[in-house]
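In mature numbering (1 follows the signal peptide of the UniProt record, and there is no 0), the protein residues as written are -19 to -1, 1 to 132.
No wet-lab data here; the hints were simulated from the structure.
There's no promise every hint is true.
Stated by the list, open to error - Calculated lysine-lysine pairs in the BS3-like style (CA-CA distance at most 30 Å, straight line):
no. : residue 1 : residue 2
1   : Lys67     : Lys127
2   : Lys35     : Lys130
3   : Lys111    : Lys127
4   : Lys111    : Lys83
5   : Lys130    : Lys106
6   : Lys114    : Lys93
7   : Lys35     : Lys83
Claimed, not checked - With beta-carbon atoms standing in for the labels, derived distance ranges:
no. : residue 1 : residue 2 : range
8   : Gln129    : Asp38     : 38 to 44 Å
9   : Phe28     : Thr64     : 16 to 22 Å
10  : Glu55     : Gln129    : 34 to 40 Å
11  : Glu55     : Gln113    : 33 to 39 Å
12  : Gln129    : Thr64     : 21 to 27 Å
13  : Arg86     : Asp2      : 32 to 38 Å
14  : Gly131    : Gly60     : 17 to 23 Å
15  : Asp31     : Gly89     : 18 to 24 Å
16  : Thr68     : Leu110    : 31 to 37 Å
Ideal placement from N, C-alpha and C gives every residue a C-beta, glycine not left out.
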Amino acid sequence: MTKLIPLLFATLLPHFAFAVDCYDRAGNDYHIDADLLRAIAFLESSFKVDALNKQNDTSYAIGLMQIHSQNFAELQQYGIHETHLKTDPCMNIYTGAYYLAKFIRITGDIWKGVGAYNAGLSSKKEQQLKRQKYANEVYAIYVQIKSQKGK
């Protein structure tokens, strides 16, 4: 429950996602490098707030962090609805940070958590390969972001 507090706090924030850097805030609240969140958002949505990846009528992902529809029922328990994720970029970033932190905690490793953010936790070989590929792609973007900042 304590991991959800920052996510729940984000629901109470006014909709001024561009007034404060939500990547930095979410990264700080979830103890994740904000540039890692930026790298995931770039790979997932090319920083498009209204990104939609529709697999079919019931399976799709939305927003900067491409929050998947399979998570909507869980999120509704905390007062977070699909509309929030579509219309509030900061909420979308916080939600992505919540799931990334959850996967990092479960796997015990940042890059395994990054892979699980995209490909889940299945032990099937195909999913393991997807996790590794995704983590490698995010890492390459992350390194570029860091090098542009001179870090």
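Item to check | Hint numbers contradicted by this structure | outcome: 2, 5, 11, 12, 13, 14, 15
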